[in-house]
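Asks: For reference, the chains in residue letters:
4 protein chains.
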Amino acid sequence: MNTFRYSVHRALDADDGGTAGIERFIDTLLIGLVLLNTAAVILESVPHLHLQYARWFAGIELVSVYVFTLEYVARVWSAVEDRRYRDHITGRLRFALTPFALIDLLAILPFYLTLGGFDLRFLRVVRLFRVLKVTRYVKALRLIQQVVRRKRAELLVTVGVIAVMLILVSSVMYYVESEAQPDKFGSIPETMWWGVATLTTVGYGDVFPITPLGKVLSSLIAVLGLGLFAIPTGLLASGFTEQISEQHAAEQHANFCPNCGHKL
Amino acid sequence: MNTFRYSVHRALDADDGGTAGIERFIDTLLIGLVLLNTAAVILESVPHLHLQYARWFAGIELVSVYVFTLEYVARVWSAVEDRRYRDHITGRLRFALTPFALIDLLAILPFYLTLGGFDLRFLRVVRLFRVLKVTRYVKALRLIQQVVRRKRAELLVTVGVIAVMLILVSSVMYYVESEAQPDKFGSIPETMWWGVATLTTVGYGDVFPITPLGKVLSSLIAVLGLGLFAIPTGLLASGFTEQISEQHAAEQHANFCPNCGHKL
Amino acid sequence: MNTFRYSVHRALDADDGGTAGIERFIDTLLIGLVLLNTAAVILESVPHLHLQYARWFAGIELVSVYVFTLEYVARVWSAVEDRRYRDHITGRLRFALTPFALIDLLAILPFYLTLGGFDLRFLRVVRLFRVLKVTRYVKALRLIQQVVRRKRAELLVTVGVIAVMLILVSSVMYYVESEAQPDKFGSIPETMWWGVATLTTVGYGDVFPITPLGKVLSSLIAVLGLGLFAIPTGLLASGFTEQISEQHAAEQHANFCPNCGHKL
Amino acid sequence: MNTFRYSVHRALDADDGGTAGIERFIDTLLIGLVLLNTAAVILESVPHLHLQYARWFAGIELVSVYVFTLEYVARVWSAVEDRRYRDHITGRLRFALTPFALIDLLAILPFYLTLGGFDLRFLRVVRLFRVLKVTRYVKALRLIQQVVRRKRAELLVTVGVIAVMLILVSSVMYYVESEAQPDKFGSIPETMWWGVATLTTVGYGDVFPITPLGKVLSSLIAVLGLGLFAIPTGLLASGFTEQISEQHAAEQHANFCPNCGHKL
Numbered sequence: 110m111n112t113f114r115y116s117v118h119r120a121l122d123a124d125d126g127g128t129a130g131i132e133r134f135i136d137t138l139l140i141g142l143v144l145l146n147t148a149a150v151i152l153e154s155v156p157h158l159h160l161q162y163a164r165w166f167a168g169i170e171l172v173s174v175y176v177f178t179l180e181y182v183a184r185v186w187s188a189v190e191d192r193r194y195r196d197h198i199t200g201r202l203r204f205a206l207t208p209f210a211l212i213d214l215l216a217i218l219p220f221y222l223t224l225g226g227f228d229l230r231f232l233r234v235v236r237l238f239r240v241l242k243v244t245r246y247v248k249a250l251r252l253i254q255q256v257v258r259r260k261r262a263e264l265l266v267t268v269g270v271i272a273v274m275l276i277l278v279s280s281v282m283y284y285v286e287s288e289a290q291p292d293k294f295g296s297i298p299e300t301m302w303w304g305v306a307t308l309t310t311v312g313y314g315d316v317f318p319i320t321p322l323g324k325v326l327s328s329l330i331a332v333l334g335l336g337l338f339a340i341p342t343g344l345l346a347s348g349f350t351e352q353i354s355e356q357h358a359a360e361q362h363a364n365f366c367p368n369c370g371h372k373l
Numbered sequence: 110m111n112t113f114r115y116s117v118h119r120a121l122d123a124d125d126g127g128t129a130g131i132e133r134f135i136d137t138l139l140i141g142l143v144l145l146n147t148a149a150v151i152l153e154s155v156p157h158l159h160l161q162y163a164r165w166f167a168g169i170e171l172v173s174v175y176v177f178t179l180e181y182v183a184r185v186w187s188a189v190e191d192r193r194y195r196d197h198i199t200g201r202l203r204f205a206l207t208p209f210a211l212i213d214l215l216a217i218l219p220f221y222l223t224l225g226g227f228d229l230r231f232l233r234v235v236r237l238f239r240v241l242k243v244t245r246y247v248k249a250l251r252l253i254q255q256v257v258r259r260k261r262a263e264l265l266v267t268v269g270v271i272a273v274m275l276i277l278v279s280s281v282m283y284y285v286e287s288e289a290q291p292d293k294f295g296s297i298p299e300t301m302w303w304g305v306a307t308l309t310t311v312g313y314g315d316v317f318p319i320t321p322l323g324k325v326l327s328s329l330i331a332v333l334g335l336g337l338f339a340i341p342t343g344l345l346a347s348g349f350t351e352q353i354s355e356q357h358a359a360e361q362h363a364n365f366c367p368n369c370g371h372k373l
Numbered sequence: 110m111n112t113f114r115y116s117v118h119r120a121l122d123a124d125d126g127g128t129a130g131i132e133r134f135i136d137t138l139l140i141g142l143v144l145l146n147t148a149a150v151i152l153e154s155v156p157h158l159h160l161q162y163a164r165w166f167a168g169i170e171l172v173s174v175y176v177f178t179l180e181y182v183a184r185v186w187s188a189v190e191d192r193r194y195r196d197h198i199t200g201r202l203r204f205a206l207t208p209f210a211l212i213d214l215l216a217i218l219p220f221y222l223t224l225g226g227f228d229l230r231f232l233r234v235v236r237l238f239r240v241l242k243v244t245r246y247v248k249a250l251r252l253i254q255q256v257v258r259r260k261r262a263e264l265l266v267t268v269g270v271i272a273v274m275l276i277l278v279s280s281v282m283y284y285v286e287s288e289a290q291p292d293k294f295g296s297i298p299e300t301m302w303w304g305v306a307t308l309t310t311v312g313y314g315d316v317f318p319i320t321p322l323g324k325v326l327s328s329l330i331a332v333l334g335l336g337l338f339a340i341p342t343g344l345l346a347s348g349f350t351e352q353i354s355e356q357h358a359a360e361q362h363a364n365f366c367p368n369c370g371h372k373l
Numbered sequence: 110m111n112t113f114r115y116s117v118h119r120a121l122d123a124d125d126g127g128t129a130g131i132e133r134f135i136d137t138l139l140i141g142l143v144l145l146n147t148a149a150v151i152l153e154s155v156p157h158l159h160l161q162y163a164r165w166f167a168g169i170e171l172v173s174v175y176v177f178t179l180e181y182v183a184r185v186w187s188a189v190e191d192r193r194y195r196d197h198i199t200g201r202l203r204f205a206l207t208p209f210a211l212i213d214l215l216a217i218l219p220f221y222l223t224l225g226g227f228d229l230r231f232l233r234v235v236r237l238f239r240v241l242k243v244t245r246y247v248k249a250l251r252l253i254q255q256v257v258r259r260k261r262a263e264l265l266v267t268v269g270v271i272a273v274m275l276i277l278v279s280s281v282m283y284y285v286e287s288e289a290q291p292d293k294f295g296s297i298p299e300t301m302w303w304g305v306a307t308l309t310t311v312g313y314g315d316v317f318p319i320t321p322l323g324k325v326l327s328s329l330i331a332v333l334g335l336g337l338f339a340i341p342t343g344l345l346a347s348g349f350t351e352q353i354s355e356q357h358a359a360e361q362h363a364n365f366c367p368n369c370g371h372k373l
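Chains as they are written, first to last, in this note's numbering: chain A, 110 to 373; chain B, 110 to 373; chain C, 110 to 373; chain D, 110 to 373.
Check the hints yourself; a few may be wrong.
[To be verified] If the Cβ cut is set under 10 Å, some of the chain C residues that face chain D in the computed set are:
{"hint": "1", "residue": "T244"}
{"hint": "2", "residue": "E299"}
{"hint": "3", "residue": "G343"}
[Stated by the list, open to error] Across the chosen pairs, the derived CB separations fall in these ranges:
{"hint": "4", "chain 1": "B", "residue 1": "L333", "chain 2": "A", "residue 2": "R261", "range": "29 to 37 Å"}
{"hint": "5", "chain 1": "B", "residue 1": "L329", "chain 2": "D", "residue 2": "V182", "range": "29 to 37 Å"}
{"hint": "6", "chain 1": "D", "residue 1": "L152", "chain 2": "B", "residue 2": "H197", "range": "47 to 55 Å"}
For the record, the hints were derived by calculation from the structure and aren't laboratory data. Beta carbons are placed, not taken as given, at the ideal position from N, Cα and C, and that holds for glycine.
Could you build all of it, start to finish, from the sequences and the hints given here?
Replies: Set out below in C-alpha cells:
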C-alpha cells in the first residue's frame with residue numbers, strides 16, 4: 110500500500126524533476142484536459158453553441174470533474190509522502206490549504222455545489238478558474254513571482270499612491286465638471302470612472318470633460334497617470350536586474366577572502 | 110507637565126519605532142478615522158445617499174474634525190520635544206510648516222472655514238485631501254520618494270520636453286486640421302486637447318483628425334508620445350537600480366572576513 | 110564556373126562585411142526595390158489609384174518579381190559556397206529552410222500562385238510580407254533579437270499570464286454585465302473583446318460596462334493591465350542591461366595592465 | 110571694438126558658466142520673452158481673443174522680433190570669439206548652421222517672410238517653434254540627449270520594426286475587414302489609421318473591427334503593440350543605467366593595477 114501511495118505521489122508531483130513516462134503522460138493529460146475544459150466553458154457561453162453542442166459540453170464537464178476529483182483525492186491522499194505533510198490528519202489539512210491544492214479544489218467544487226441548489230450562472234463562471242491549474246506546470250513563472258515578491262512592498266505602495274491620486278483627482282474634477290455634466294460627473298464615485306479611464310489611459314470615450322478647466326485638469330492627470338505607471342515598470346525592471354545579478358553572483362563568485370583564502 | 114508632553118510626543122510620533130500598545134492604538138485609530146472619513150466624503154457626494162444618511166455623514170465629520178483638531182494641537186504643542194523644533198515659538202512655527210503638519214492643518218481647516226461664509230462646495234471637496242494623512246504611516250513610500258528626488262531634474266526636463274512637444278504638435282495640427290473641423294481644431298488651445306489625448310494615448314475619441322495629412326501627423330505623434338513617455342520610465346528604472354545598489358554597497362562595504370577579521 | 114558562383118555568393122551575402130562597390134550596389138538596389146514595391150502594393154489598394162495607375166503597379170510588380178526571383182535562384186544556387194550548406198542537394202534544401210530564404214520565397218510565391226487559380230485578394234495582401242526582406246540588412250536588429258531570445262521563456266510566460274488573466278476577467282465580467290448589456294457582453298468570447306481593450310488600455314469605446322459593479326471591476330482590471338504590461342518592459346530593460354554588461358565584461362576581461370602586463 | 114565683441118559673446122554664451130549679473134539678466138530676459146511670445150501666439154489663435162487683443166499680440170510680436178533679431182545678429186557677429194568659429198566668413202557661416210543658431214533664425218524668419226507675400230497662416234504657426242529657443246538653457250536635457258544618442262541605432266531600428274509591423278498588420282486587417290466595413294477599411298492606407306490607433310493603444314474609437322476574425326486579430330495586435338513599445342522603454346532604461354554607471358566609474362575609480370600600482 111505504502112509503495113503504491115509513494116508511486117502515486119511521485120507520478121503527480123511535477124516538482125521532483127522526474128522524467129519517467131508515466132509522470133509526463135499524466136502531466137500532459139491533465140494540462141490537455143484543463144485546456145479542453147477551459148475552451149468548452151468559454152464556448153458554452155455562446156447561446157447558439159450552447160444549444161447545438163449541449164451534450165458535448167456536458168460530457169467534457171463530467172469527464173473533467175471525474176478526472177480532477179480523482180486527481181484531487183489522489184494528491185491529498187498521497188501528500189503524506191512529502192516530508193512537509195507527514196501527519197495523516199494535520200499534514201493533509203495543511204497540504205489542502207496550499208495555493209495549488211486550493212486551486213484544485215476550486216476546480217471541482219462548482220460541480221458539486223451545482224448538485225445542491227446554488228446559483229448556476231455564477232458557478233458556471235467559477236469553473237473557468239480551473240485554468241489556473243496549468244500554472245503548476247510553468248517553471249518560468251518563478252522568476253516573475255520572485256521579482257514581484259521582492260518588490261511587493263513598493264508595488265503595494267504604488268497601488269496605494271494610485272488610489273490616493275484617484276480620490277484627489279476625482280474630487281477636484283467633480284467640483285469642476287459636475288455643473289456642466291451632472292449626468293456624468295454627478296458624484297465623486299461617478300467621477301472616479303472618468304478618473305480611472307484617464308489615469309490608466311484607457312479612455313473609452315464615454316466620459317470626458319467639456320469645460321476648459323476640466324480639460325486642463327484632465328490633461329495634467331493623463332500625464333501624471335503615465336508618470337505614476339512608470340513607477341511599477343521601473344520597480345520591476347530594477348527587480349529583474351537585481352534578481353538575475355544575484356543569481357549570477359551566487360553561481361559564479363564563490364568568494365574567498367583575499368587575505369587568508371577563507372571561503373566567504 | 111514636561112513628562113506628559115514627552116509622552117504625548119512619543120505616542121504620536123510614528124517614526125521612533127516605538128511598539129508600545131498606546132502608540133499602535135493611536136496610529137490605528139487615526140488611520141481608521143481617515144479612511145472612514147474619506148469614504149464618507151466620497152459617498153456624501155452621491156445625491157440620494159446624501160439625503161438618506163445626512164446625519165451619519167455630519168456625525169462622522171464632526172467626530173473626525175474634533176479628533177483631527179485634537180491631534181493637530183497635540184502635535185504642535187509637543188513638537189518642542191523634538192530636538193529640531195526646540196524653541197517654543199519659532200520651533201513650533203517651523204514644525205507647523207513641515208509638509209506633514211500642513212497636511213494635518215489642511216484636514217481641519219475646511220471645517221472652520223465653513224463656519225465663516227466660504228464656498229461650501231469647494232471646501233467639501235478639499236476635505237478629501239485628508240486622505241494624504243495616511244502617507245505619514247507608509248514607510249515603503251520612501252524608496253519611491255528617494256528615487257523621484259534623485260531623478261528630479263531629469264523628470265522635470267521630461268515634463269518640459271512633453272510641454273514643448275505638445276505646443277509644436279498642436280500648432281502644426283491646428284494649421285492642418287482647423288479648416289476641416291473648425292469646431293474641434295478651431296484654435297491652438299483647443300487643438301492641445303487633442304494633442305494631450307494623443308501623446309498620452311488616452312484617446313477619448315471626442316477629437317481626432319479626419320484629413321489624410323492630419324491622420325499621418327496624428328500617427329507620428331502617437332508613436333512619438335510613446336517614445337517620450339519611455340523616458341520617465343527608463344529614468345525611474347535606472348533610478349531604482351542605482352538607489353538599491355548603493356544601499357547594497359553601503360551594507361557590504363562594512364563586511365569583514367569572518368575568519369581573520371580582514372576588512373573586505 | 111565555381112569562381113563565378115563564389116562571386117555571386119559574396120556579392121549577395123550582406124554578412125561578410127564586404128565593402129566592394131558591387132555588393133553595396135546590389136544591396137541598395139534590392140532594398141530600394143523592396144521599398145518601392147511595398148509602397149506600390151499599399152497604394153494599389155486605394156481604389157481610385159488602382160484604376161488610374163494600374164499599368165504602373167503592374168509594371169513595378171513584374172520587374173520586382175523578376176529581380177526577386179533572380180535573387181532567390183542566385184542565393185539558393187550559390188548557397189553551397191557557404192560552409193554550412195556545402196552539399197549540393199541537402200545543403201541547398203537546408204539553406205532554403207532558413208528564415209531569410211523563406212522570406213525570399215514568400216516574396217515571389219504569391220505571383221506564381223496567382224498564375225494558378227488562387228484567391229487573388231489574399232495573395233495581393235501576402236505580397237506585402239516582402240517588406241520583411243529589408244530585415245536582412247539591419248544589423249542593429251541583432252541586439253534586440255538577442256535580448257528577446259534571452260528572455261524568451263519569461264516573455265512567453267507573460268503572454269500566458271495575460272491570456273489566463275483575460276479568460277478569468279472576461280468570465281467574471283460576463284457574469285456581471287451580460288444582463289445589462291446582452292448585445293455586448295452576451296457571451297464570454299464577446300466579453301473578451303472588452304477585456305483586451307481594457308487590459309491593453311486601447312479602449313476603443315465601443316464596449317464598456319454600465320453597471321456600477323462592472324465599472325469597479327473594469328477599473329481594477331485596467332490598473333492590473335498596466336501592471337501586467339510592466340512585466341515585459343521590466344524584462345526587456347533588465348535584458349538589455351545584462352546583454353550589454355556581458356559584452357563589456359567580455360571586452361574588458363581581455364585587459365592587461367599596460368605597465369607590467371599583469372592580467373587584470 | 111574687439112573687447113566689446115568679446116563682452117557680447119560672453120554675455121550671450123550660456124555655456125561658459127558665467128555668473129555675472131549681466132549674463133543672468135540677458136538669459137532671464139530672453140527666456141521670459143520666449144515664453145511670453147509663445148503664450149501670445151497660442152492665445153492669438155483663439156478667434157475672439159484675436160479680435161479683442163489684436164494690438165497687444167502685434168506689440169509683443171514686434172518687440173520679440175526686434176529683440177530676437179538683435180540677439181541673432183549679435184550671436185553671429187560675436188561667434189568669431191569662439192575658437193571653433195574663428196574665421197570671419199566661413200566661421201560665422203558654420204556657426205549659423207549649428208542647431209541652436211538655426212533655431213534662432215527660425216524664430217525671426219517668419220516675420221520677415223510675412224513682409225514678403227508668403228502664406229500667413231502657415232508662418233504664424235511656425236512662429237511657435239521659437240519655444241525651442243529655451244532648450245539652450247536647460248542643462249538637464251544633456252543626460253537624456255546622451256542616452257538617446259547612445260541608443261540611437263537601436264531606437265531607429267525599433268521605429269523600423271514598428272513601421273514594418275504596421276504595414277503587415279494593416280494589410281492583413283484590410284483583407285479581413287474591408288468587406289464588412291468598406292468605408293473604414295477600404296484600402297491599406299486607411300486601415301493603417303486603425304493600425305496606429307491599435308498598436309499605440311490610443312484607440313480613438315472611430316475605427317475598430319466588427320467581424321469576429323477582425324476582433325481576434327485586433328486583440329493580438331494590441332498585445333503585440335504593447336510588447337513592441339516595451340523595447341524603447343527597455344533600451345532607455347538600460348541606457349540611463351549605463352550612462353550613469355560610466356560617469357560614476359569615471360569619477361570614483363581611478364583604477365590602479367593591483368600588481369604594480371600603475372594607474373590605469
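Asks: With reference to the structure, classify each hint as holding or not holding.
Replies: Results of checking the hints against the structure:
Given the 10 Å rule on beta carbons, the hint for T244(C) holds: about 7 Å separates it from the nearest Cβ of chain D. Given hint, E299(C) at the interface with chain D, holds; its Cβ is 9 Å from that chain's nearest Cβ, closer than 10 Å. With a cut of 10 Å, the hint placing G343(C) at the interface with chain D holds, because the nearest CB-to-CB distance is about 8 Å. At about 35 Å, the CB distance of L333(B) to R261(A) agrees with the hint of 29 to 37 Å.
Under the hint 29 to 37 Å, the C-beta atoms of L329(B) and V182(D), about 35 Å apart, fit the expected range. For L152(D) and H197(B), the Cβ-Cβ distance of about 51 Å falls inside the hinted range of 47 to 55 Å, so the restraint holds.
Hint compliance for this structure: no hint is broken.
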